[in-house]
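Protein chains: 2
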Amino acid sequence: MPARNHNKISNSTHHQQPLADFKVGVDNVIFSVDTAQNRLLVLLVMRQQEPFSNSWSLPGTLVRQGESLENAAYRIMAEKIKVNNLYLEQLYTFGGPHRDPREQTNSYGVRYLSVSYFALVRFEEAELIADKVAGIAWYPVKQIPQLAFDHHEIITYGHRRLKNKLEYSPVAFDVLPETFTLNDLYQLYTTVLGENFSDYSNFRARLLKLGFLSDTGIKVSRGAGRPASLYKFDEKAFAPFKDKPLVFI
Amino acid sequence: MPARNHNKISNSTHHQQPLADFKVGVDNVIFSVDTAQNRLLVLLVMRQQEPFSNSWSLPGTLVRQGESLENAAYRIMAEKIKVNNLYLEQLYTFGGPHRDPREQTNSYGVRYLSVSYFALVRFEEAELIADKVAGIAWYPVKQIPQLAFDHHEIITYGHRRLKNKLEYSPVAFDVLPETFTLNDLYQLYTTVLGENFSDYSNFRARLLKLGFLSDTGIKVSRGAGRPASLYKFDEKAFAPFKDKPLVFI
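Chains as they are written, first to last, in my numbering: chain E, 155 to 403; chain Y, 155 to 403.
Derived CB-CB ranges, DEER-like: (1) ASP188(E) - ASP369(Y): 42 to 52 Å; (2) PRO294(E) - ILE283(Y): 48 to 58 Å; (3) ILE283(E) - LYS236(Y): 46 to 56 Å; (4) LYS396(Y) - PRO294(E): 23 to 33 Å; (5) VAL374(Y) - LYS317(E): 33 to 43 Å; (6) GLN297(Y) - MET200(E): 45 to 55 Å; (7) SER375(E) - LYS398(Y): 30 to 40 Å; (8) ALA393(E) - LYS398(Y): 23 to 33 Å; (9) LYS296(Y) - GLU204(E): 51 to 61 Å.
Below are the BS3-like pairs computed for lysine-lysine, each with C-alpha atoms no more than 30 Å apart in a straight line: (10) LYS286(Y) - LYS296(Y); (11) LYS363(Y) - LYS319(E); (12) LYS390(Y) - LYS317(E); (13) LYS363(Y) - LYS398(Y); (14) LYS319(Y) - LYS296(Y); (15) LYS363(E) - LYS319(Y); (16) LYS363(E) - LYS363(Y); (17) LYS386(E) - LYS236(E); (18) LYS386(E) - LYS363(E); (19) LYS363(Y) - LYS396(E); (20) LYS396(E) - LYS396(Y); (21) LYS373(Y) - LYS390(Y); (22) LYS317(Y) - LYS319(E).
Hints in this document: simulated from the structure, not taken from any laboratory. Beta carbons are placed, not taken as given, at the ideal position from N, Cα and C, and that holds for glycine.
The shape of chain E in the complex, shown without the other chains (with noise of 0.2 Å):
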């Protein structure tokens, strides 16, 4: 039994409440890596309408009749980015009563609801699209602006998940360069899940013996260090793993 009433209308039955009425947003949790910078970004645009007019949000929208929630995600994303083979996943549903100022009975009245997606883009090659929007913009998740709604719950919700997906699995080689070196891969690292997460000799002897990183042979020279190997993701090597549980750190 919920713990108030939050509305006058009486219901037959007395002894529940009438069922809420709802529209249903989806809400993008778009992270990049600018792995010249070592910061992790996230995609935030300006809003121009109310509630919170000119307040920065993630980029979302309303699902149209007819349409499902992937490609509400889809349609609000095709408007503000431009990105190769753009992956959507769902991240989690927000939903409590109080999350929108809509949802007072001198607004409209209806509950709005929160389907989240979340995706990892590679950031050289992501173009943000600035028509007819008062802003959008890749913010250091460090310095994340006042948001509106609870999307920085969201975007807390979605940190998460992305260093879940880099823990296990090889999304990182996703956004790192085709080659790379062992260094920029544990910065990118340190990036996502933060300083100390492992020991770099452990990291790097880790990696190496499980075998999908190749050395092309090719060496770099950065700074006043040694030059260093730079190496590349093998598909055919990480095939065996795919579908085994595996942790990478």
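We have chain E already, so just place chain Y on it with the hints.
Only chain Y this time, still in chain E's reference frame:
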């Protein structure tokens, strides 16, 4: 842009569909393992109202005014099952058009979205509440009858999540009795993951090496084999692994 127009109402902007109206349901995928018979079970209830009256379905309900999604999920479970420390985890949201016949314009004309929740409960502890319902039963996942709505799909999704949890978390020890043989543990994994998920001796060696199974010193004889040692899950020895990515098989 949605592919088809399912509704005759036109919109002031013309090139876009009006927003869809939703009721929101919660559906719970409650798994249990009958360790005596090595069967993975899922909880089903017989629907008592249209649509799909007299069909088996997942225990679910529609969200009421002022009620959170979680509260709705716990409310319906409290009417169906008694179990210690039920912990429902959000699984996935199914919200495409045409998933509920009540969506038809000649019925209620609103979409029905389902937020599914998931739990694994200990079979011996769970007590089904049959009062006032036409039917409630544990069904073996391998022998599920025809179900209402897209509940088959929801169970398939839940089963995948359960496999994942068994691979990456110590959830098995929540459903095994307090003391168990390594063979009991292996049987549980086999019941959920399917035959041949791992060789018994590798599984045994891996689990013992991780160091959080403690030998109670007690042995049991079952059938013709040698007496087998009874083990306990050692929470304290597991603590250092708790926030680290880990594979159990």
